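Each chain, written out:
Number of protein chains: 2
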Amino acid sequence: MAKVDHSRMANAIRALAMDAVEKAKSGHPGLPMGAADVATVLFTDFLKFDAADPHWPDRDRFILSAGHGSMLLYALLYLTGNSELTLDQIKAFRQLDSRTPGHPENCITDSVETTTGPLGQGVASSVGTALAERLLAAEFGEIVDHYTYVLCSDGDLMEGVSHEALALAGHLRLSKLIFLYDDNGISIDGPLTLTDNVDQVARFQAHGWNAMRIDGHDHTAIAAAIKAAQASDRPTMIACKTTIGFGAPTRAGTSKAHGEPLGAEELAGAKKALGWDYGPFEIPDDVLSAWRAVGSKGAKAHAAWQTKLDAMDKDLRAEFQRRVIDRKRPAALDGAIRKLKDRLVDEPQTIATRKASELALEAIVEVVPEMLLGSADLTPSNNTRTKHAKDVTPEDFSGRYIHYGIREMGMAAAMNGIAMHGGFAPAGGTFLCFADYARPSMRIAALSHVPVVYIMTHDSIGLGEDGPTHQPVEHLASLRAMPNMRVFRPADPVETAECWQLALENTGGPTVLALSRQNLTPVRTSKSDDNRCAKGGYELIAAKGNASVSIFATGSEVEIAVAAHKLLADKGIAVRVVSVPSLDLLLQQDDATRKGIIGDAPVKVAVEAAVRFGWDAVIGPDGGFIGMSGFGASAPAKDLYKHFGITAEAVAEAASSRLGGK
Amino acid sequence: MAKVDHSRMANAIRALAMDAVEKAKSGHPGLPMGAADVATVLFTDFLKFDAADPHWPDRDRFILSAGHGSMLLYALLYLTGNSELTLDQIKAFRQLDSRTPGHPENCITDSVETTTGPLGQGVASSVGTALAERLLAAEFGEIVDHYTYVLCSDGDLMEGVSHEALALAGHLRLSKLIFLYDDNGISIDGPLTLTDNVDQVARFQAHGWNAMRIDGHDHTAIAAAIKAAQASDRPTMIACKTTIGFGAPTRAGTSKAHGEPLGAEELAGAKKALGWDYGPFEIPDDVLSAWRAVGSKGAKAHAAWQTKLDAMDKDLRAEFQRRVIDRKRPAALDGAIRKLKDRLVDEPQTIATRKASELALEAIVEVVPEMLLGSADLTPSNNTRTKHAKDVTPEDFSGRYIHYGIREMGMAAAMNGIAMHGGFAPAGGTFLCFADYARPSMRIAALSHVPVVYIMTHDSIGLGEDGPTHQPVEHLASLRAMPNMRVFRPADPVETAECWQLALENTGGPTVLALSRQNLTPVRTSKSDDNRCAKGGYELIAAKGNASVSIFATGSEVEIAVAAHKLLADKGIAVRVVSVPSLDLLLQQDDATRKGIIGDAPVKVAVEAAVRFGWDAVIGPDGGFIGMSGFGASAPAKDLYKHFGITAEAVAEAASSRLGGK
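In order, the protein sequence lines correspond to chains A and B. 486 is the number that the UniProt record's numbering gives to position 486 of the first sequence; each next residue is one higher, with no gaps. 157 is the number that the UniProt record's numbering gives to position 157 of the second sequence; each next residue is one higher, with no gaps.
Rather than coming from a laboratory, the hints here were simulated on the basis of the structure. Any given hint might turn out to be false.
Said to hold, decoys possible - Subject to a maximum C-alpha distance of 27 Å in a straight line, what follows is the list of computed DSS-like cross-link-like pairs (lysine-lysine):
hint : chain 1 : residue 1 : chain 2 : residue 2
1    : A       : K256      : B       : K638
2    : A       : K256      : B       : K355
3    : B       : K91       : A       : K256
4    : A       : K642      : B       : K91
5    : A       : K642      : B       : K387
6    : B       : K387      : A       : K256
7    : B       : K25       : A       : K638
8    : A       : K387      : B       : K256
9    : A       : K638      : B       : K256
Values in this document were obtained by computation on a predicted structure and should not be read as measured data.
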């Protein structure tokens with residue numbers, strides 16, 4: 001086979017990107033055209049992969065953080081012979097039901113490593129990818145040994161989360177993490193100099209990275225830089241100076257090349273300038289063969305790796321199979337939770353649910369070795385560190401506890417990368433109020449079905465004196481509103497254990513555990529083998545006879561509901577209490593189940609130290625709600641509950657007044 | 001009066017902080033004790049202020065970004081003689097109804113510049129403060145000439161938004177912005193080296209800042225550094241190496257000094273070590289006098305400034321009075337909006353509401369000279385730039401358009417600083433989906449009653465091909481759930497003009513305008529002097545006779561509701577359509593008003609291309625909802641509406657099926 005030069009191979013990417021965007025009448029040709037040379041050198045000379053098996057666990061990861069340049073990735077997958085990304089899929093770019101959505105989504109396209117598009121997310125999750133590799137290598141040895149390459153853009157590096165990612169990767173000295181920065185100097189509003197003068201090389205160096213500048217169209221320079229990156233003991237950033245829309249006669253180097261079709265004339269001009277004399281979607285045989293050879297050459301390394309895996313110690317191999325390949329949770333989890341629940345009933349404790357979460361974690365880490373805990377610098381408050389936890393440090397990756405720093409979004413994004421890489425069950429802590437900081441990465445987890453757990457403590461005004469800047473009131477609602485985000489707010493140690501089990505079993509998406517700062521009276525005082533939280537809500541106290549009143553409550557307010565029950569029952573009112581550890585899960589039950597749990601008592605009252613928003617789905621517009629209608633205040637928690645009227649008396653009164661009116 | 005040395009003055013801060021935290025049994029003594037020397041030098045030798053008038057418009061701003069160190073600020077206010085911060089208030093630290101909440105809140109404490117606590121927010125809003133000063137100075141001349149000083153912590157500089165702030169300030173060369181970084185090397189989890197190795201001086205320099213390191217307990221060095229900062233043509237960061245909990249015998253320099261009372265013994269030991277032989281809350285006369293002298297010495301400069309102001313050109317002075325001192329919107333706004341509405345009815349246009357927003361802005365900028373528009377690098381998509389807009393550049397601050405860069409949170413935070421400074425009405429654009437990135441700063445705006453406007457376009461699956469990473473589905477709900485956040489989603493050009501008026505008149509908090517990417521059919525086709533959006537919802541089409549069906553819709557789905565109305569009315573069903581440009585505003589109306597607008601038709605159906613969450617408050621748990629139940633997809637908008645079943649037919653069917661069942 002004749003050797004096809006890199007430029008011609010790169011032009012195949014450019015042509016496919018131009019043609020696909022043109023056909024779709026929308027999309028981003030500029031990045032694929034500009035970064036085609038960098039990607040070509042990376043894929044042909046460096047990237048370890050086997051197009052026949054995009055899930056080979058030890059493949060190098062290629063993360064297109066600049067997700068708007070999705071056609072670069074799709075073109076590479078098609079050209080290298082990935083069976084999912086056919087030419088028909090390229091032609092269906094950005095159309096309904098295609099595998100080629102506008103931005104890469106790992107749940108739509110099986111061969112895509114991670115969902116990107118919202119800028120900064122790929123950059124930040126890649127830190128988790130590279131970290132997972134180091135952690136797995138420390139545990140499983142040479143069977144794990146790959147690089148994580150990230151193609152990122154100006155926008156990725158302008159987003160704040162990039163700072164958190166750089167600092168964390170630099171601190172941990174993730175030397176197998178390599179950023180290829182498509183330094184094209186153009187953003188949507190125009191030249192980057194309209195808004196930015198950061199010296200990116202100096203910036204990365206200040207964060208402990210190896211960094212350099214090269215001509216991103218010089219194949220020799222690109223190859224030399226990647227070689228140098230591989231040899232560095234630091235993560236590396238290679239700023240590749242490129243021309244956006246490379247080849248386009250009038251738009252190259254301008255923001256007009258970024259995010260719209262070139263138009264027939266400009267497209268023809270570009271093909272001419274590139275010496276690419278082929279029709280739409282046409283790839284000449286020599287170029288396609290050369291690319292297909294790139295896609296298949298990794299098969300040999302893949303086979304050698306398989307041989308090594310087969311020769312591994314049997315138990316270790318089984319563990320690798322379960323965690324990394326099958327991605328299953330250990331069977332022992334269920335038994336461990338049941339045992340813990342029995343113990344919690346036998347020895348009831350009046351503790352905060354954050355403390356109950358710690359108790360649950362102590363039991364869980366015994367049977368779930370992939371638990372990878374951490375906190376965004378709130379370890380003593382989030383109760384995320386178990387007794388025998390060992391820190392992950394730049395010198396030692398055998399630990400299982402990560403000090404993520406004051407970087408909530410960086411933590412959430414890194415957890416995405418860890419979970420998507422496989423091998424670990426990441427769970428990280430912060431205050432519930434700071435879910436806002438992490439939200440863009442949490443959304444990626446929800447959209448991409450990434451199983452991570454957020455341990456979010458100090459979940460209401462019960463936080464007390466730190467005041468309204470730290471007191472969530474709308475956060476439960478805002479998280480419940482997000483599709484595929486599971487939100488639990490357990491009421492006591494037994495519910496906390498049950499919710500932890502459900503969180504770990506929720507392998508199709510992320511889970512929030514909202515936990516109290518303050519101590520709570522146990523409400524689950526008898527043993528139960530069932531996980532009563534599994535449907536989102538359950539009857540905690542039945543009414544005597546047909547219920548006139550149903551009281552719904554979550555978390556720290558369940559004890560208030562129980563007290564209100566007593567006040568009403570003492571008056572002879574038939575009242576029941578429904579604990580709702582997960583409102584979103586309850587609302588997702590089928591009609592009969594949901595209505596069965598909610599019941600048909602004529603009076604419905606909910607109590608939650610948060611806003612009403614969303615609760616009308618349970619209690620109806622005329623139902624009673626005891627909670628918050630605005631922000632909190634700074635004072636001791638008990639004073640605040642009284643001040644804001646979140647009391648058993650208020651709940652009872654809301655019920656009584658409605659009964660009176662009937 | 002004998003001269004009191006700086007150290008003794010600084011010890012007064014330390015003692016008050018220790019005593020107040022001890023009495024409150026909660027709080028953060030570490031920062032006030034560590035940063036007391038830096039603050040003392042700044043306040044005594046540099047800060048231009050007049051304790052008798054904390055609102056003097058040309059005061060230097062002092063922003064405590066490390067809000068957990070609130071006792072530093074409260075101590076300084078008390079010591080310098082601010083009348084709001086009495087000793088009783090210090091003694092009521094962190095108690096209900098005090099002016100001394102756990103973290104500084106400008107709405108609770110009038111003398112506090114800005115609400116801080118969530119880390120990074122003060123740092124980021126200060127960029128807006130410093131920018132507002134430059135913009136005002138360009139317009140009003142020497143009457144505006146002050147510095148913005150920021151005391152920040154490790155945590156502030158770890159948060160991603162700090163990157164956005166640094167880059168923006170460095171780009172704009174805001175040379176009167178000075179950061180005093182309390183470089184104590186300690187965070188909650190322990191030594192900073194557990195998580196961070198960033199060379200902050202090198203980092204700031206890479207962002208175009210002047211930066212230096214000093215001993216933060218050396219008064220001479222502190223003074224010299226601030227002098228150098230004032231002389232620089234760049235923003236300056238002074239890394240002040242300090243000991244957290246300075247003086248505490250066993251806790252100084254450790255994370256134990258950070259966030260809890262010292263305890264009686266440690267406190268006594270600290271006072272002894274500091275040579276501070278006074279009881280709780282006791283400030284010796286010499287020290288208090290020295291501090292009071294600091295507080296009153298600015299009176300002279302203040303008087304001189306007033307003389308200058310009085311001598312100003314009368315019109316210019318009136319404008320300064322209105323915008324900066326009285327903070328009132330111009331009276332001409334109402335007339336301009338009415339005129340625009342009439343024109344939009346006379347010349348109806350089928351355009352996107354983002355385009356309608358541009359038309360509104362063209363009319364608004366004619367009468368509201370304080371409009372300060374911008375976008376987070378989506379100018380051509382957000383339609384935020386009016387025809388005659390001029391860019392703000394590092395060389396010229398007379399413009400009124402800001403290219404914020406791809407920095408959504410940085411933009412939102414800067415707008416907070418701009419609005420709190422006074423003089424401008426900031427409004428910035430991004431995609432609604434990226435509200436998530438800006439959310440922590442949006443929450444500060446809501447909590448602090450800051451009047452800013454977010455122009456959030458591409459507000460649903462109507463965005464089309466960019467796909468679910470860019471399509472908001474839960475964002476309307478998540479924003480509506482936030483207290484004091486006004487959310488408008490207008491349906492056509494007339495509603496857009498009305499919502500813009502309401503947004504600018506909402507001077508008690510922030511406003512989101514959610515705007516369509518796609519073109520919409522006008523629904524407001526007759527003239528009305530009233531602002532019909534003012535109650536959040538109104539009857540757009542009345543039923544013939546008693547309504548059997550009410551259809552509720554917002555924004556781009558109102559035209560679908562109108563079409564569904566026709567389908568049902570053609571069958572002889574009495575149906576009305578209620579446009580709900582602001583669900584949150586509607587739900588805040590008094591019972592009678594809200595119920596009057598919602599009406600009592602037995603069948604209620606809502607249509608919105610978003611999740612149902614929150615709508616049950618209008619339609620009830622049994623109401624019909626046509627919208628999204630999960631994330632969107634990548635395809636042309638029309639295909640998506642059909643795919644997800646958001647059609648007039650579906651709305652009509654949801655109504656008919658419910659009627660049938662009655």
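Verification of the supplied hints:
The suggested pairing of A:K256 with B:K638 holds, with an alpha-carbon distance near 25 Å, which does not exceed 27 Å. As the CA atoms of A:K256 and B:K355 are separated by approximately 20 Å, the hinted pair is consistent with the 27 Å bound. The straight-line distance between the Cα atoms of B:K91 and A:K256 is roughly 61 Å, outside the 27 Å bound, and the hint therefore fails. Proposed proximity of A:K642 and B:K91 is supported: the alpha carbons are some 22 Å apart, at most 27 Å.
As the CA atoms of A:K642 and B:K387 are separated by approximately 54 Å, the hinted pair breaks the 27 Å bound. Under the criterion of a C-alpha separation no larger than 27 Å, the hint pairing B:K387 with A:K256 is consistent with the structure, at around 20 Å. Taken as a hint, the B:K25 and A:K638 pair is honoured in the structure, with Cα atoms around 14 Å apart against an allowance of 27 Å. The straight-line distance between the Cα atoms of A:K387 and B:K256 is roughly 20 Å, inside the 27 Å bound, and the hint therefore holds.
A distance of roughly 25 Å separates the Cα atoms of A:K638 and B:K256; the hinted pair therefore holds under the 27 Å criterion.
The structure fails hints 3 and 5 (numbered hints given earlier, in ascending order).
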